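K.L.:
Residue numbers (the numbering used here), protein chains in the order written: chain A, 1 to 249; chain B, 1 to 256.
Check each hint, because a few of them may be wrong.
One-sided excerpt, in silico: chain A residues whose CB lies under 8 Å from chain B [stated by the list, open to error]: (1) 43; (2) 132; (3) 136; (4) 142.
In the DSSO-like style, the derived pairs of lysine-lysine whose C-alpha atoms are separated by at most 27 Å in a straight line are [unchecked claim]: (5) B/123 / A/125; (6) A/125 / B/249; (7) B/123 / B/108; (8) B/122 / B/108; (9) B/189 / B/126; (10) B/108 / B/126; (11) A/125 / B/108.
The calculated label-pair distances, taken between Cβ atoms and stated as ranges, are [as the list claims (entries may be wrong)]: (12) A/143 / B/16: 47 to 53 Å; (13) B/253 / A/118: 31 to 37 Å; (14) B/246 / A/61: 55 to 61 Å.
I should point out that these hints are in silico values taken from the structure, not numbers from a laboratory. Only a predicted model underlies this, so the values are computations on that prediction, with no experimental measurement involved. Cβ coordinates follow ideal geometry from the N, Cα and C atoms, glycine included.
Next come the chains, spelled out residue by residue.
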Amino acid sequence: MNDLLNNFFDWQLIRQVLPDLLTYGLRNTLVLAVSSALLGSVIGMMLAIMGLSHRRWLRLPARVYTDVFRGLPAALTILIVGEGVFSAQISWLASPYPVAVLAMSLMAGAYIGEIFRSGIQSVEKGQGEACRALGLTHGQALRLVVVPQGVRRVLPAMVNQFIGIIKDSSLVYFLGLVTTQRELFRIGQDDAVTAGNLSPLLATGLCYLLLTVPLTHLVNYIDRRLREGSRPVVTAEEPSPVEPKEALA
Amino acid sequence: MTTPDLAVPPGSQQYEGASLEARDIRMRFGPVEVLRGADLAAQAGEVVCIVGPSGSGKSTLLRCLNGLETRTSGDVLLGGEDTSAMDINLLRQRIGMVFQHFNLFPHKTALQNITLALCNVKKIPKDRAAGIALQRLRDVGLADRAGHRPTQLSGGQQQRVAIARALAMEPQVMLFDEVTSALDPELVKGVLRLMADLARGGMTMIVVTHEMGFARQVADRVVFMDAGVVVESGPPEQIFDAPRSPRLKKFLSQVL
Numbered sequence: 001m002n003d004l005l006n007n008f009f010d011w012q013l014i015r016q017v018l019p020d021l022l023t024y025g026l027r028n029t030l031v032l033a034v035s036s037a038l039l040g041s042v043i044g045m046m047l048a049i050m051g052l053s054h055r056r057w058l059r060l061p062a063r064v065y066t067d068v069f070r071g072l073p074a075a076l077t078i079l080i081v082g083e084g085v086f087s088a089q090i091s092w093l094a095s096p097y098p099v100a101v102l103a104m105s106l107m108a109g110a111y112i113g114e115i116f117r118s119g120i121q122s123v124e125k126g127q128g129e130a131c132r133a134l135g136l137t138h139g140q141a142l143r144l145v146v147v148p149q150g151v152r153r154v155l156p157a158m159v160n161q162f163i164g165i166i167k168d169s170s171l172v173y174f175l176g177l178v179t180t181q182r183e184l185f186r187i188g189q190d191d192a193v194t195a196g197n198l199s200p201l202l203a204t205g206l207c208y209l210l211l212t213v214p215l216t217h218l219v220n221y222i223d224r225r226l227r228e229g230s231r232p233v234v235t236a237e238e239p240s241p242v243e244p245k246e247a248l249a
Numbered sequence: 001m002t003t004p005d006l007a008v009p010p011g012s013q014q015y016e017g018a019s020l021e022a023r024d025i026r027m028r029f030g031p032v033e034v035l036r037g038a039d040l041a042a043q044a045g046e047v048v049c050i051v052g053p054s055g056s057g058k059s060t061l062l063r064c065l066n067g068l069e070t071r072t073s074g075d076v077l078l079g080g081e082d083t084s085a086m087d088i089n090l091l092r093q094r095i096g097m098v099f100q101h102f103n104l105f106p107h108k109t110a111l112q113n114i115t116l117a118l119c120n121v122k123k124i125p126k127d128r129a130a131g132i133a134l135q136r137l138r139d140v141g142l143a144d145r146a147g148h149r150p151t152q153l154s155g156g157q158q159q160r161v162a163i164a165r166a167l168a169m170e171p172q173v174m175l176f177d178e179v180t181s182a183l184d185p186e187l188v189k190g191v192l193r194l195m196a197d198l199a200r201g202g203m204t205m206i207v208v209t210h211e212m213g214f215a216r217q218v219a220d221r222v223v224f225m226d227a228g229v230v231v232e233s234g235p236p237e238q239i240f241d242a243p244r245s246p247r248l249k250k251f252l253s254q255v256l
């Protein structure tokens, strides 16, 4: 029993691994996750717009892309993209980081594309019609009215997606990382193997929870805000004169 | 009659309405022929009300006029000019439209709802657009609501903002698609009064409505539609007091 406890809660080992985890481990994980989320959102927005197009030749590639990158295991994609890029020997892509971000963005883009698409589709048809009736082009209507509303509605789903990306970033160690390139998982794993004890991994788990649990609560908060935001906040009877400048901001 | 929602300022504004004519409009949704050769004509400054049972094609005809629905055949003439060769977005700047469910942009304030098209379609600089928007809000009695979002406004106020939004583009014709149907009864009057002001100001208006009282008082001509065609049209007195076709008689007996 004591052995079992020691295997998980060796405070000495935990204290040893924490500095690495909290300094560059946390930073590296965040760098990977944030860049992948940003690039993935760009890919996702393109896929969503293509997927909603009236033109088949735009819809079809978006569909195929989404099916492929959503249908493959993350580990497989990271390995295939990683080794593929390495074998191409492009100099600025020789480090595991850009390659990992590329692989994760490609995957995240497929999911985010579907999230954006559902959000944009949930915007009432009348919004686009009101734009068109005012003389805005289809593109302007999307950009100025439909997409901003759609994106707002899927913010909770986007935060969930970001949590998924944080967790997937643990697979980057496949690509081979030198010491200071290691992210949370790899640091914990290395120490666990060296010590023959699981405590460093437990510490790693806590670091992930440090990131993901607040985000989960952020989702719930945004969700609540969005739902309550649909109710009037200021009653219509309340006079509140607003300067035109202010109202434009 | 002194509730705030009815206190619309007198319609001093003058508008440059143009004539609008629709000839033999046909339109089909798959196998269903929604419009089977409908005609409509409004002289400059005239108010034409379209009435009829639901499903008769009133709204579809209206939406064919600014291209929100694509007609299968038929001509639409604006100011005597064939519109089929016109750029659709330029045409829509000349034809304003107001919807049953307002369709205000919920993520924008009342003022921004109006400036959006001014800035992006007419390319008017932001501060000048804000000035125009505020003036239009004043016209509909809502200058003090400029900074409110649609959810913070009553249905009647939202619809008046929607009318101000359409008017800000300085259209020559205004289309109204059952604009009071989604309103609480006590808010209907304010919107109708505003529309009557527009009519007095010389705006050409095509109004699909269930408000027979409005049609009788404000319309220059009433058009009765059923099953995709115009069955009978004429001045309101003729339509309401001396209907000729059995279908119109039956319709009036149901709604009046």
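K.L.:
For every hint, state whether the structure bears it out.
P.N.:
Here is how each hint holds up against the structure:
The closest approach between the C-beta of residue 43 of chain A and any C-beta of chain B is roughly 24 Å, which is over the 8 Å cut-off, so the hint fails. With a cut of 8 Å, the hint placing residue 132 of chain A at the interface with chain B holds, because the nearest CB-to-CB distance is about 7 Å. Hint status for residue 136 of chain A relative to chain B: holds, with the closest Cβ pair at about 6 Å, below 8 Å. With a cut of 8 Å, the hint placing residue 142 of chain A at the interface with chain B is violated, because the nearest CB-to-CB distance is about 12 Å.
Among the hinted pairs, residue 123 of chain B with residue 125 of chain A is consistent with the structure: their alpha-carbon atoms are about 25 Å apart, no more than 27 Å. A threshold of 27 Å between alpha carbons decides the hint, and for residue 125 of chain A with residue 249 of chain B the separation of about 36 Å lies outside it, so the pair is violated. Straight-line distance between C-alpha atoms of residue 123 of chain B and residue 108 of chain B comes to about 18 Å, which keeps the hinted pair within the 27 Å bound. Taking the CA atoms of residue 122 of chain B and residue 108 of chain B, the gap is about 18 Å. The hint holds against a cut of 27 Å.
With a CA separation close to 33 Å, the supplied pair residue 189 of chain B and residue 126 of chain B exceeds the 27 Å bound. With a C-alpha separation of about 15 Å, the suggested pair residue 108 of chain B and residue 126 of chain B falls inside the 27 Å cut-off, and the hint holds. Our distance criterion of 27 Å between C-alpha atoms is met by residue 125 of chain A and residue 108 of chain B, whose separation comes to about 17 Å. Judged by the Cβ atoms, the range 47 to 53 Å given for residue 143 of chain A and residue 16 of chain B is violated: they are separated by roughly 31 Å.
For the pair residue 253 of chain B and residue 118 of chain A, the beta carbons lie near 47 Å from each other, so the given range of 31 to 37 Å is not met. Remark: the range hint 55 to 61 Å for residue 246 of chain B to residue 61 of chain A is upheld by a beta-carbon distance near 57 Å.
Checked against the numbered hints above, the structure breaks hints 1, 4, 6, 9, 12 and 13 and satisfies the rest.
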